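Chemist: Below are the chains, spelled out letter by letter.
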Amino acid sequence: MEVKTASFEKTASPKATTVSGAEAVIKCLLEEGVDTLYGYPGGAIMPVYDELYKYQKQIHHVLTRHEQGATHAAQGYARVSGKVGVAIATSGPGATNLVTGIADAQIDSTPMVCITGQVGSHLLGSDAFQETDIIGISTPITKWNYQITKAEEIPEVLAKAFFIARSGRPGPVLIDITKDAQFQSLDFSYKKCSGIRSYKPIPQIDLKEIERAAEAINNAKKPMIVFGQGVILGGAEELFKQVVEKSGVPAAWTILGLSAMPTDHPLNVGMVGMHGNYGPNVLTNECDVLIAIGMRFDDRVTGNLEKYAKQAKVIHFEIDPAEINKNVYADIPVLGNVNETLKVLLELLKPNKHETWHQKFKDHYKIEFDKIIKNDLNAERGKIGMAEVIDEINTCSNGDAVIVSDVGQHQMVTCRYSKFNQTRSNVTSGGLGTMGFALPAAIGAKMGAPKRDVVAVIGDGGYQMTIQELGTIFQTKVPVKIVVLNNDFLGMVRQWQQLFFEKRYASTEMINPDFITIAKGYHIKAKQVSERANLKDAVKEMMDSKEAYFLEVKVEQEENVFPMVPTGASVSDIRLE
Amino acid sequence: MEKKNFTVSVYTENNIGLLSRIAAIFQRRHINIESITASRSEVNGVMRFIIVVQITEEQVKKIVGQIEKQIEVIKAFYHTDDEMIYQETALYKINSAEFVEDLNIQDFIKESNARIVTVTPKFFVIEKTGKRHETDNLYEKLKPYGLMQFVRSGTIAVTKNEMQISNILEQFDTTN
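If you're matching them up, the sequences are chains U and P in order.
Taking full-length UniProt numbering, the leading residue of the first sequence gets 1, the next gets one more, and so forth.
Taking full-length UniProt numbering, the leading residue of the second sequence gets 1, the next gets one more, and so forth.
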């Protein structure tokens, strides 16, 4: 007897038509509302590409210059639009090149569906040309994966893939389709997936826990919120703001929570973690109730766990049961999607201001401002600092741009100093720390939010990891703005070498090419600026450009990012210098 | 926290690749699996994995959470030895000449409640089902006679308490 393990929506597309497996793949994508996908063709996926050619009016395939670029572009697209990003590649090296992007999407909970071609099913396991076990390889880094060997499986499996990628805590799904399955024909009809019996996307809400949480918050004298990407993924930004405003609780963000709340909101007290703000880090170890919302207590957030918020009662709002008590014990775990749990919480909260407590954050900000921020923003001598560049971008964008950052010192500076008014505006590789993420992610971000300005801020190291995607920008004419903050160093590693390895700069100095010539080779407008006096105009020219624009800023070579919680230290032992 | 024997029971869909997905969760945390078995369960179409590990309770709690998070895992549990009824099966292959010449062997078999499965002119095969120390005991006794082959299954176990898997599945059937 066939066991029913998943359910599908009743409304099927009108009547079944006979199509090839390859065409069925495209039809599935269209049914799921996919209008853009990123990929790279090759032998085992050619039947699908042949259909992409026929369907090019309905679905825009963006040819990246490397499959890794396709995944990051799909991630950028997903992060700004909230839709599922789609990447497609051939078997073997095409598939293995997706791995970094899949791992990145997994750890940052980004909804993505990757489709790979596979050798014919009769060749599986024969070490055929361009055969690789991508199911085996991708298993630990996917939310789900599946190999299709028969065309008739395609509609149901793809329906499940999209359902799994976007529901619950989102994540990447990889579907591997053998070449013979792409050629076979099937009777196609599509029903969206509505449930899988072994998978519970959103845990049952326990009202008692929410009541306990509300009571703890209402009775708290020094409460503090730390919010993460869960607020954005749950579409709960407005609700969250109301919770913060009603309770009067100071709210700090993780790197992926950034932009869920406007940066200039009076109760937004900045970033937690290794290079976060002074106040929220120090006061984590002073608060009496720590309210974690849609975040997972990453080690970069907590520093030494033995000395993390030990005095506080911890309330953890979280959709993923496996995150409860994983790193930090939750006195009050509140499972569920925050867009539902916060709704209940809001009703139970008593209005409060916590003015004295809030003043503490202001006092700490003042210390950080005098010691670090003032100098970062208003240096008068020496080379341009990274923060000055971000500040100029803020001036031009008024906080309305999408800022995509790569990984390293510039990323910390970008997140510390960027201004955001809107949600889904900060795109960066948080958990995996993937250098080379930003350039392709910016391509996807611009396509996912075409009306918004998209600025990629990248270091000279990460830029060269995916620099070939300038070709994609040239070919698609996607008007992204690219800023390379060039210090001719792998700056973050160099900073650690300076602080912890007695300045032995092992392989961190970069002898860089002429980035302007490279950009011009791709017919992208390009300018270099090295004098402070010219910075403002240079940034403005870039921000005003209707086309893609590349701006290289020669910055201070040995700038260090502070504050800093050194590895193994407590968050309250954060260093200001 | 002290390391203990834990039996992790995992009810899953019957799909290719789940074994490696589950095994990877242990591997990633540098945890050695003492034994693992997979078979059909009491529920039609549902597989059951029995995985024995020696770790702390804190570790096993997190592992079970990570296993349960996998899409095709219906439910995962962990239990201590005293919450389970568990058995292992071992097979011992011995040269027939030894068997005929040494009557001790016949006594060992009787004492340990083992069973002779096959007898041929060249070898005979003994089967023993029981707890680990019981199959180990017999192993030690037979070893001096030159074991031609020895093999032992992973632990199989049922819990003393009810597992309620059918209820979980019925819930899905009625809500969808």
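Simulated from the structure, these hints should not be mistaken for lab results.
Here the structure is a predicted model, which is why all the values come from computation and not from measurement.
Beta carbons are placed, not taken as given, at the ideal position from N, Cα and C, and that holds for glycine.
Certain hints may be false.
Stated by the list, open to error - The calculated DSS-like cross-link candidates involving lysine-lysine, where the alpha carbons are at most 25 Å apart (straight line), are:
id : chain 1 : residue 1 : chain 2 : residue 2
1  : P       : LYS69     : U       : LYS83
2  : U       : LYS326    : P       : LYS3
3  : U       : LYS554    : U       : LYS419
4  : U       : LYS208    : P       : LYS3
5  : U       : LYS546    : U       : LYS536
6  : P       : LYS69     : U       : LYS200
7  : U       : LYS83     : U       : LYS200
8  : U       : LYS10     : U       : LYS208
9  : P       : LYS3      : U       : LYS313
Said to hold, decoys possible - Pairwise CB distance ranges (calculated):
id : chain 1 : residue 1 : chain 2 : residue 2 : range
10 : P       : ASP173    : U       : GLU340    : 41 to 51 Å
11 : P       : MET1      : U       : THR567    : 41 to 51 Å
12 : P       : LYS160    : U       : LYS208    : 27 to 37 Å
Chemist: Give a verdict on every hint.
Modeler: Hint check results:
1. LYS69(P) with LYS83(U): holds, 22 Å
2. LYS326(U) with LYS3(P): OK: LYS326(U) and LYS3(P) at ~18 Å, within 25 Å.
3. LYS554(U) with LYS419(U): Judged against 25 Å, a Cα distance of about 22 Å means the pair holds.
4. LYS208(U) with LYS3(P): Violated, at roughly 34 Å.
5. LYS546(U) with LYS536(U): With a Cα-Cα distance of about 18 Å, the restraint between LYS546(U) and LYS536(U) holds, given a limit of 25 Å.
6. LYS69(P) with LYS200(U): Distance ~9 Å between LYS69(P) and LYS200(U) Cα, so the pair holds.
7. LYS83(U) with LYS200(U): holds, 20 Å
8. LYS10(U) with LYS208(U): violated, 35 Å
9. LYS3(P) with LYS313(U): violated, 29 Å
10. ASP173(P) with GLU340(U): 41 to 51 Å: violated, 25 Å
11. MET1(P) with THR567(U): 41 to 51 Å: Violated - the Cβ-Cβ distance for MET1(P) and THR567(U), about 24 Å, lies outside 41 to 51 Å.
12. LYS160(P) with LYS208(U): 27 to 37 Å: Roughly 29 Å apart at Cβ, these two residues keep to the hinted range, so it holds.
Going through the hint list in order, the structure does not satisfy hints 4, 8, 9, 10 and 11.
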